[in-house]
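Given these sequences and hints, build the entire structure.
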Amino acid sequence: MERNQKIEEVLSIIWEEREKNNSDKEKIKKIILEKIQEDILKDLITEGHIAIDNDSVKFTAKGEAAAKDIIRRQRLAERLLIDVLELGRKETDSYACEFEHIISKEVEESICTLLGHPKECPHGYPIPTGDCCVKARGMIESIV
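Counting in our numbering, the sequence shown runs from 1 upward without gaps.
Think of the hints as simulated: they come from the structure by calculation, not from any bench.
Don't take every hint at face value.
[Unchecked claim] What follows is a list of derived Cβ distance ranges for each label pair:
1. E91 with N54: 17 to 25 Å
2. K42 with A65: 30 to 38 Å
3. D24 with D131: 27 to 35 Å
4. K27 with E86: 30 to 38 Å
5. V84 with N54: 16 to 24 Å
6. H123 with E38: 20 to 28 Å
7. G124 with D24: 20 to 28 Å
[Claimed, not checked] Pairs of lysine-lysine residues, derived as DSS-like cross-links and limited to a Cα-Cα distance of at most 30 Å, are as follows:
8. K135 with K90
9. K42 with K135
10. K119 with K68
11. K135 with K119
12. K30 with K90
13. K35 with K68
14. K6 with K20
15. K25 with K62
16. K119 with K62
17. K105 with K90
18. K42 with K20
19. K90 with K119
20. K27 with K42
21. K62 with K30
22. K20 with K68
23. K58 with K35
24. K6 with K30
25. K35 with K90
26. K6 with K29
27. K119 with K27
Just so it is clear, CB atoms sit at the ideal spot from N, CA and C, and this is done for glycine as well.
So, in structure tokens, the structure goes:
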């Protein structure tokens with residue numbers, strides 16, 4: 001796994017753990033080590049993506065924006081793979097993980113528009129709103 005992909009994976013992990021109300025540094029560090037076999041929290045601090053406050057992991061504005069972007073691409077990829085390509089849940093998770101790293105902003109917005117600007121992923125978690133969603137609010141329905 002290349003460095004940028006590792007950073008995106010860790011930002012995704014932190015976002016998902018925050019959704020579960022877990023911001024504990026040691027718990028998050030353990031999950032990161034299990035998933036990518038490398039602790040890069042210090043690198044994310046140095047690069048300005050996160051901060052540690054009382055052993056709690058918090059996003060900086062830069063980290064929040066980057067994490068929101070990767071989560072949006074991941075969850076839209078999941079919706080596309082399940083709703084359009086009709087893949088099973090088992091295959092979807094691994095394919096979506098690969099797919100999220102190569103989706104450009106234009107492709108992301110096209111996928112979102114194609115899907116009718118879905119509000120949540122197949123797992124029931126919210127899909128962060130994109131520019132296309134704001135522009136289309138109330139105007140477009142899914143063609144799928």
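Hints versus structure:
Here the CB-CB span from E91 to N54 is close to 40 Å, at odds with the stated 17 to 25 Å. A hinted range of 30 to 38 Å is violated for the C-beta pair K42 and A65, which are about 21 Å apart. A C-beta distance of roughly 33 Å is found between D24 and D131, which places it inside the suggested range of 27 to 35 Å. In this structure, K27 and E86 meet the distance hint of 30 to 38 Å, their C-beta atoms being roughly 36 Å apart.
Between V84 and N54 the Cβ separation comes to about 44 Å, which falls outside the hinted range of 16 to 24 Å. Taken as a hint, the range 20 to 28 Å holds for the pair H123 and E38, whose Cβ atoms sit roughly 25 Å apart. The beta-carbon spacing between G124 and D24, approximately 23 Å, falls within the hinted interval of 20 to 28 Å. For the suggested pair K135 and K90, the alpha carbons sit about 33 Å apart, so the restraint of at most 30 Å is broken.
Pair hint K42 plus K135 does not hold up; C-alpha atoms about 38 Å apart against a cutoff of 30 Å. Restraint check for K119 and K68: satisfied, since their Cα atoms lie roughly 14 Å apart, inside the 30 Å limit. At roughly 15 Å between alpha-carbon atoms, K135 and K119 fall within 30 Å of each other, so this suggested pair holds. This hinted pair checks out: K30 and K90 have alpha carbons roughly 24 Å apart, not beyond 30 Å.
For the hint pairing K35 with K68, the CA-to-CA distance comes to about 20 Å; that is within 30 Å, so the pair holds. Between K6 and K20 the CA atoms are separated by roughly 21 Å; this keeps the pair inside 30 Å, and the hint holds. Between K25 and K62, the direct Cα distance comes to roughly 19 Å. Compliance with the 30 Å bound is thereby established for this hinted pair. Of the supplied pair hints, the one linking K119 and K62 holds, its CA atoms being roughly 23 Å apart against a limit of 30 Å.
Taking the CA atoms of K105 and K90, the gap is near 26 Å; set against the 30 Å cutoff, the hint holds. Taken as a hint, the K42 and K20 pair is honoured in the structure, with Cα atoms around 22 Å apart against an allowance of 30 Å. With a CA separation close to 21 Å, the supplied pair K90 and K119 stays within the 30 Å bound. Using a Cα cut-off of 30 Å, the hinted pair K27 and K42 holds, with the two alpha carbons roughly 15 Å apart.
Between K62 and K30 the CA atoms are separated by roughly 23 Å; this keeps the pair inside 30 Å, and the hint holds. For the given pair, K20 sits about 16 Å from K68 by alpha-carbon distance, which is consistent with the 30 Å threshold. Taking the CA atoms of K58 and K35, the gap is about 20 Å. The hint holds against a cut of 30 Å. A threshold of 30 Å between alpha carbons decides the hint, and for K6 with K30 the separation of about 15 Å falls inside it, so the pair holds.
Among the hinted pairs, K35 with K90 is consistent with the structure: their alpha-carbon atoms are about 17 Å apart, no more than 30 Å. As the CA atoms of K6 and K29 are separated by approximately 13 Å, the hinted pair is consistent with the 30 Å bound. Between K119 and K27, the direct Cα distance comes to roughly 28 Å. Compliance with the 30 Å bound is thereby established for this hinted pair.
This entry does not satisfy hints 1, 2, 5, 8, 9, going by the numbered hints stated previously.
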